[in-house]
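**Q** Chain residues, written in single-letter form:
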Amino acid sequence: MISAIGITGDLIRDKMNFNIQKGQKAFFVFEEEAQGEEFLDLLIGMKSPKSGELFFMGQNLRHIRKDKLFEIRKKIAIVFKTGGLINNIRTLENILLPALYHRIADKENLYREAIKLLETFEFKGDYMCKIEELTNLERRIIALVRGLLIKPEIMILEYPFQGISEEQREWLLSKIEKISKNLTLISILSSQREYHFFKGKVN
Amino acid sequence: MILSPVIEVLLRQIYFTGVQALSIVIFSGLFIGLIIVLQIMSITGSGSSSIMGKILLVIVLKEIGPLFTALIILTRSGSAIVTELATMKLGREIYYIEAMGIKPEVYLIKPRLYGVTFSALVLCVYFQLAALFGGVFIASFMTGVSFSENMNAIFDQFYLKDVAIAFLKSLMFGFTVSLICIWHGISVKKSTTEIPQRTTKALTGGIFSIFLIDVIIDFITKMI
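For the record, the sequence lines run as chains A and B. If you're matching positions, the first sequence starts at 1 in the numbering used here and goes up one per residue. If you're matching positions, the second sequence starts at 204 in the numbering used here and goes up one per residue.
Simulated from the structure, these hints should not be mistaken for laboratory data. Computed from a prediction, not measured in an experiment: that's the story for all the values here. Glycine included, every Cβ here is placed at the ideal spot set by N, Cα and C. No incorrect hints appear here.
Quick list of simulated restraints, FRET-style, between CB atoms:
{"hint": "1", "chain 1": "B", "residue 1": "374", "chain 2": "A", "residue 2": "109", "range": "36 to 42 Å"}
{"hint": "2", "chain 1": "A", "residue 1": "22", "chain 2": "B", "residue 2": "223", "range": "46 to 52 Å"}
{"hint": "3", "chain 1": "A", "residue 1": "68", "chain 2": "B", "residue 2": "371", "range": "35 to 41 Å"}
{"hint": "4", "chain 1": "B", "residue 1": "222", "chain 2": "A", "residue 2": "125", "range": "27 to 33 Å"}
{"hint": "5", "chain 1": "B", "residue 1": "278", "chain 2": "A", "residue 2": "132", "range": "24 to 30 Å"}
Calculated lysine-lysine pairs in the BS3-like style (CA-CA distance at most 30 Å, straight line):
{"hint": "6", "chain 1": "A", "residue 1": "47", "chain 2": "A", "residue 2": "199"}
{"hint": "7", "chain 1": "A", "residue 1": "178", "chain 2": "A", "residue 2": "151"}
{"hint": "8", "chain 1": "A", "residue 1": "178", "chain 2": "A", "residue 2": "130"}
{"hint": "9", "chain 1": "A", "residue 1": "181", "chain 2": "A", "residue 2": "75"}
{"hint": "10", "chain 1": "A", "residue 1": "199", "chain 2": "A", "residue 2": "15"}
{"hint": "11", "chain 1": "B", "residue 1": "306", "chain 2": "A", "residue 2": "22"}
{"hint": "12", "chain 1": "A", "residue 1": "68", "chain 2": "B", "residue 2": "393"}
{"hint": "13", "chain 1": "A", "residue 1": "74", "chain 2": "B", "residue 2": "393"}
{"hint": "14", "chain 1": "B", "residue 1": "313", "chain 2": "A", "residue 2": "74"}
{"hint": "15", "chain 1": "A", "residue 1": "107", "chain 2": "B", "residue 2": "306"}
{"hint": "16", "chain 1": "A", "residue 1": "47", "chain 2": "B", "residue 2": "306"}
{"hint": "17", "chain 1": "B", "residue 1": "393", "chain 2": "A", "residue 2": "47"}
{"hint": "18", "chain 1": "A", "residue 1": "107", "chain 2": "B", "residue 2": "313"}
{"hint": "19", "chain 1": "A", "residue 1": "124", "chain 2": "A", "residue 2": "107"}
{"hint": "20", "chain 1": "B", "residue 1": "392", "chain 2": "A", "residue 2": "66"}
{"hint": "21", "chain 1": "A", "residue 1": "68", "chain 2": "B", "residue 2": "306"}
{"hint": "22", "chain 1": "B", "residue 1": "393", "chain 2": "A", "residue 2": "50"}
{"hint": "23", "chain 1": "B", "residue 1": "392", "chain 2": "A", "residue 2": "50"}
{"hint": "24", "chain 1": "B", "residue 1": "392", "chain 2": "A", "residue 2": "68"}
{"hint": "25", "chain 1": "B", "residue 1": "306", "chain 2": "A", "residue 2": "66"}
{"hint": "26", "chain 1": "B", "residue 1": "257", "chain 2": "B", "residue 2": "425"}
{"hint": "27", "chain 1": "A", "residue 1": "74", "chain 2": "B", "residue 2": "306"}
{"hint": "28", "chain 1": "A", "residue 1": "68", "chain 2": "B", "residue 2": "313"}
{"hint": "29", "chain 1": "A", "residue 1": "66", "chain 2": "B", "residue 2": "393"}
{"hint": "30", "chain 1": "A", "residue 1": "25", "chain 2": "B", "residue 2": "306"}
{"hint": "31", "chain 1": "B", "residue 1": "306", "chain 2": "A", "residue 2": "75"}
{"hint": "32", "chain 1": "A", "residue 1": "25", "chain 2": "A", "residue 2": "50"}
Some chain A residues well away from chain B (every beta-carbon gap over 12 Å; in silico):
{"hint": "33", "residue": "9"}
{"hint": "34", "residue": "27"}
{"hint": "35", "residue": "31"}
{"hint": "36", "residue": "135"}
{"hint": "37", "residue": "159"}
{"hint": "38", "residue": "164"}
{"hint": "39", "residue": "175"}
Chain A extracted, bound-state conformation (with noise of 0.2 Å):
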């Protein structure tokens, strides 16, 4: 599905090779946080890699129309470490906002589906509040279920532990797991101690 030959960039310095499968559980860790924003930023397209050749379902990322990279990432959820939410639109458009712009279901349909996925996630705020009164936790919520709205095939989840307590870490990685099963995921850690943390829940 997504696979690396000797890809370098301008922070990450080793070559990396990785071959990752559909429902595969892959997880890297970069303990400086740009690089693994670099290397998100290579994952998906947003960068060029400095040297090497990545393929994203069989498409050279490097030589790939700007359309068809758009096209691929319609199939990728990606939870950002802040959530990477839009401060101009509320909690609940947010949610909708891919799923409603790639026309992935019936409007009705995705509204009710957000509801739901919300319910599960047990998130107990306001639908319609602003970005701005949403906690760290709250953030990441609405971000995995704007991404699992999308229907994806692959989930990338960006520093998921940042910011949040030990307690929250526990109860996310317990969603995470319910969530993930048929999915492929990337996960792009910080320590070796999450990723043992990560790895011995979501395998």
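Since the structure of chain A is already known, use the hints to place chain B on it.
**A** For chain B alone, kept in the frame of chain A given last:
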């Protein structure tokens, strides 16, 4: 009702630029109409309705209407667009949008461009109507000539070509103003201190462009 996200951004832009600015545009139009008539009367005296009608119509319809509306839109919506887009860029929100497979030109740029252009046209019509009404009202009040007689004097001077020029100007002004503001908004690089700088550049660039386009259109229409 759940709308497509792009349509929603477009409607929000029209609401902010076109609907929320309606009161300021109408009041400005009324006052401008009053001022123009008072100035005409100070030059020509209070005698001729037809001269007053002609001057009022030409100034309001072809020049002041599109120009003033564009300036109101530039200072009000233009600065808001620069600030909003610049904040989004610095907050990496444009990056997030792209990462979700959403084209920024479709979701962010086009709705603002079309929304402002459409609003410029509609607001210009309101401005012109308010200015003509205000002008005729004060003229009737000061000269004792009836309101309908003054209105008729204006309608006698009314040509479709002038309306077409006014519409063309409004569309061009709206499009240019939004384009300049969008460009400055998405051109910020790293620091929040760039936002006021970009806003200032957008406003000065916008004013200059409005006047330049006005001159060009006037020149071309004079030649035709």
